[in-house]
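Q: Sequence:
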Amino acid sequence: MSEKAILCVDDEEVILESLKEQLKRRFGNQYLYEVAESAGEAWEIIEELHADDVKVLVIVSDWLMPDMKGDEFLIEVHQKFPQIVTVMLTGQADEDAVDRAKEQANLHCCLRKPWSEEELAQVITSTLA
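Take the sequence shown: its position 7, counted from the start at 1, is 10 in this note's numbering, and no numbers get skipped.
Misleading hints may appear alongside valid ones.
With a straight-line cut-off of 20 Å between C-alpha atoms, the simulated PhoX-like cross-links for lysine-lysine are [stated by the list, open to error]:
{"no.": "1", "residue 1": "27", "residue 2": "7"}
{"no.": "2", "residue 1": "7", "residue 2": "23"}
{"no.": "3", "residue 1": "116", "residue 2": "105"}
{"no.": "4", "residue 1": "7", "residue 2": "116"}
{"no.": "5", "residue 1": "58", "residue 2": "23"}
{"no.": "6", "residue 1": "105", "residue 2": "83"}
{"no.": "7", "residue 1": "27", "residue 2": "58"}
{"no.": "8", "residue 1": "83", "residue 2": "116"}
{"no.": "9", "residue 1": "58", "residue 2": "83"}
{"no.": "10", "residue 1": "23", "residue 2": "83"}
It should be emphasised that the hints constitute simulated quantities derived from the structure, not laboratory data.
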């Protein structure tokens, strides 16, 4: 079992399935691929992985989600786990949210929907370099 994970957070199951499928196709069994449909569910996964000594390397989070926006979630993650690389995935984030995430969550980049598998692979590869 891999001891490194990539976590994708989006309130749309089809987006999560697509992300996970593309990541698996590109990176195979190098990482665990976890998905969450909300920030709350993501926190549960982060805590479980942390308890199991699995290092979360990257979080790819949607911006527009119910309960908590992606920039707010990524800022909280960065405050508790500053070593996790954060990526925002969005079709609708306003530039203020992106700027806020860059300043307060050390946002690595913002990936715009619809993304290509090549873009996703390049972003993840650049976060792990």
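Q: It remains to establish, for every hint, whether it holds in the given structure.
A: Consistency of the hints with the structure:
no., hint, verdict
1, 27 <-> 7, "holds (13 Å)"
2, 7 <-> 23, "holds (15 Å)"
3, 116 <-> 105, "holds (18 Å)"
4, 7 <-> 116, "violated (26 Å)"
5, 58 <-> 23, "holds (18 Å)"
6, 105 <-> 83, "holds (16 Å)"
7, 27 <-> 58, "holds (17 Å)"
8, 83 <-> 116, "violated (27 Å)"
9, 58 <-> 83, "holds (14 Å)"
10, 23 <-> 83, "violated (25 Å)"
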